[in-house]
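Q: Sequence:
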Amino acid sequence: MVVTRFAPSPTGYLHIGGLRTALFSYLWAKKNGGKFVLRIEDTDKARNSEAAAQAIVKAFEWLGLEHDGEIIYQSQRDDIYAKYIQQLLDEGKAYKCYMSKEELDTLRETQMANKERTKYNGMYRDFKGTPPEGVEPVIRIKAPLSGEIIVNDGVKGEISFQAEDILDDFVIARADGSPTYNFVVAVDDALMGINEVIRGDDHLSNTPKQIVVYEALGFSIPNFYHVPMIHNSAGKKLSKRDGATDVMAYKEMGYLPHALLNFLVRLGWSHGDQEIFSMQEMRTLFNPKDINKSASIYNTEKLDWLNAHYIKNTPNAQLTELLQEYDLVLTSHDKKEILLDAIKERAKTLKEMADLIKEVINRPASYDEKALKKAFKGNALEVLKTFATKVSNANELHLPSDYHHLMQEVVDEMEIGFGKIGQPLRVALLGKLSGPGLDSVMSVLGKEETLLRIHNAIDANS
RNA sequence: GGCCCCAUCGUCUAGCGGUUAGGAUCCAUGGUUUUCAUCCAUGUUACCGGAGUUCGAGUCUCCGUGGGGUCACCA
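In my numbering, the protein residues as written are 1 to 462.
Keep in mind the hints are simulated off the structure, nothing from the lab. Note that the structure is predicted; figures quoted are calculated from it, not measured. There's no promise every hint is true.
[Unchecked claim] Calculated cross-link-like contacts (lysine-lysine; reagent style PhoX-like; alpha-carbon spacing at most 20 Å):
| id | residue 1 | residue 2 |
| --- | --- | --- |
| 1 | Lys96 | Lys119 |
| 2 | Lys156 | Lys289 |
| 3 | Lys312 | Lys373 |
| 4 | Lys83 | Lys93 |
| 5 | Lys374 | Lys385 |
| 6 | Lys420 | Lys377 |
| 7 | Lys128 | Lys93 |
| 8 | Lys348 | Lys390 |
| 9 | Lys373 | Lys385 |
| 10 | Lys119 | Lys101 |
| 11 | Lys58 | Lys251 |
| 12 | Lys351 | Lys312 |
| 13 | Lys302 | Lys351 |
| 14 | Lys336 | Lys420 |
| 15 | Lys83 | Lys96 |
| 16 | Lys374 | Lys432 |
| 17 | Lys128 | Lys115 |
| 18 | Lys96 | Lys142 |
| 19 | Lys289 | Lys370 |
| 20 | Lys358 | Lys447 |
Could you build all of it, start to finish, from the sequences and the hints given here?
A: Quick look at the structure:
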């Protein structure tokens with residue numbers, strides 16, 4: 001059984017990069033009928049917050065990414081880590097190091113001055129004497145001093161590191177007894193049965209350290225897939241400074257979860273030329289072997305296109321519900337089908353859609369200056385009056401086509417082009433020269449409101 | 001600086017030794033529309049450089065160059 005995981009540290013909101021690796025992990029588990037688990041890495045008591053953890057869970061809910069089983073919090077597993085640390089101590093695979101912070105600092109400075117790699121010198125590795133007074137020891141793991149560590153990465157291929165280049169006896173427990181990241185990650189992944197680890201390639205250089213822990217504890221090493229970073233337009237790792245990296249900000253901006261996921265799944269991964277993926281297709285087609293090796297630049301042009309696509313394909317009943325998030329309640333509007341059909345074709349986001357709808361159902365507060373000039377010249381007033389009379393005299397006006405017939409009559413009788421009635425009428429109804437089809441607009445507004453808006457415009461321009 | 005990774009249109013990408021280097025997005029133009037948007041059609045734009053292997057290299061190898069990541073008692 002394939003078990004994958006997403007393991008964020010709750011220092012802030014869920015961001016785009018994290019979401020993409022979470023999505024990849026989720027899809028890979030689902031494709032294999034496996035499990036996708038969520039683990040909160042909150043061992044840094046100073047920087048973590050419960051609110052941030054909740055925000056991450058909320059974001060997952062919005063996106064519909066369900067995790068399997070209970071959420072694991074590392075902060076609640078201290079006794080487990082303590083047990084394995086003790087085991088390594090007992091087996092002589094780890095040891096207490098009494099070097100003080102000051103001593104460590106001077107060691108580093110000397111090494112830097114000599115242009116050497118900064119690393120712990122192994123001073124207490126085989127220490128047998130009496131420890132110095134007044135120093136709370138850290139615990140270090142005995143890492144191999146030579147030889148090579150091979151990471152067999154599912155994305156990048158086989159990567160080998162020389163132990164002497166990158167390893168030293170790194171700390172697995174701090175002076176206060178709390179375990180460190182590279183230790184707990186390996187322990188938890190092993191204990192939770194994670195056998196497929198998909199994560200950002202900024203973790204690639206941590207992997208040899210984690211392998212040291214796996215081997216010391218006798219755990220089997222999972223398959224790793226290190227996915228390339230997402231970069232900002234400057235070509236640097238995407239960070240919180242780049243703006244709009246909070247996943248929930250996309251909800252506020254009016255993006256559909258599916259559009260966001262479709263956008264992200266194609267960032268660094270592809271399946272031939274396919275661009276549009278249903279959730280079901282993502283779950284059956286995703287395979288980490290098709291992940292790109294190179295970083296990609298974050299650019300939301302395509303997201304807008306996808307979002308527009310998915311809005312067009314969302315049923316009106318569902319749109320009605322979604323639009324309530326953007327202060328638009330249409331539930332009791334009798335012409336909402338016509339209205340939504342007219343607007344959903346032209347909006348890139350739900351927010352924009354709500355705004356466009358409000359522009360129709362709210363009377364124009366003013367008329368666009370340029371639009372007036374352009375539309376109200378020649379016999380525009382006469383045309384509008386003729387049309388208004390026809391509307392006023394008509395008995396059954398419901399459908400867009402009913403209004404269209406009346407417009408057609410005016411055009412025929414007055415021997416004018418459609419534009420001669422369309423432009424002033426559009427300004428009268430909407431206050432500007434662009435917008436949805438007028439027949440639909442009038443149908444939505446109804447006879448009375450249509451007449452009122454026309455007369456208002458005539459009065460304002462007489 | 002050490003170590004590691006990467007390199008095809010502006011952007012996302014296909015390509016896995018022989019292709020007029022494909023798709024999408026963006027942009028431009030035309031068509032449709034009373035308008036704007038949608039939609040449809042067309043177009044501009046790419047293999048970082050140099051050696052080598054090969055009959056043949058975007059594809060394999062090496063060397064450059066460029067970019068990125070990482071080097072904590074942070075995760």
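Q: Taking the hints in turn, state whether each one holds.
A: Verification of the hints:
Note on Lys96 and Lys119: the hinted pairing holds, with a Cα-Cα distance of about 17 Å set against a maximum of 20 Å. For the given pair, Lys156 sits about 9 Å from Lys289 by alpha-carbon distance, which is consistent with the 20 Å threshold. Of the pairs offered as hints, the one joining Lys312 and Lys373 is violated, with about 34 Å between alpha carbons and a cut-off of 20 Å exceeded. The hinted pair formed by Lys83 and Lys93 meets the criterion: a straight-line CA distance of about 14 Å does not exceed 20 Å.
Using a Cα cut-off of 20 Å, the hinted pair Lys374 and Lys385 holds, with the two alpha carbons roughly 18 Å apart. Between Lys420 and Lys377 the CA atoms are separated by roughly 9 Å; this keeps the pair inside 20 Å, and the hint holds. Between Lys128 and Lys93 the alpha-carbon distance is near 15 Å, which keeps this suggested pair within the 20 Å criterion. Restraint check for Lys348 and Lys390: the C-alpha separation of about 36 Å exceeds 20 Å, so the hint is violated.
In summary, the hint linking Lys373 to Lys385 is supported, as the alpha carbons are separated by about 18 Å, within the 20 Å threshold. The hinted pair formed by Lys119 and Lys101 meets the criterion: a straight-line CA distance of about 13 Å does not exceed 20 Å. Taking the CA atoms of Lys58 and Lys251, the gap is about 12 Å. The hint holds against a cut of 20 Å. With a CA separation close to 14 Å, the supplied pair Lys351 and Lys312 stays within the 20 Å bound.
At most 20 Å may separate the alpha-carbon atoms for a hinted pair to count; Lys302 and Lys351 meet this at roughly 18 Å. Distance restraint check for Lys336 and Lys420: the Cα-Cα separation of roughly 29 Å exceeds the 20 Å cut-off, and the hinted pair is therefore not satisfied. Note on Lys83 and Lys96: the hinted pairing holds, with a Cα-Cα distance of about 15 Å set against a maximum of 20 Å. Between Lys374 and Lys432, the direct Cα distance comes to roughly 10 Å. Compliance with the 20 Å bound is thereby established for this hinted pair.
The hinted pair formed by Lys128 and Lys115 fails the criterion: a straight-line CA distance of about 31 Å is larger than 20 Å. A threshold of 20 Å between alpha carbons decides the hint, and for Lys96 with Lys142 the separation of about 11 Å falls inside it, so the pair holds. Between Lys289 and Lys370 the CA atoms are separated by roughly 56 Å; this puts the pair beyond 20 Å, and the hint is violated. Note on Lys358 and Lys447: the hinted pairing holds, with a Cα-Cα distance of about 18 Å set against a maximum of 20 Å.
When the structure is compared with the earlier hints, violations turn up for hints 3, 8, 14, 17, 19 and for no others.
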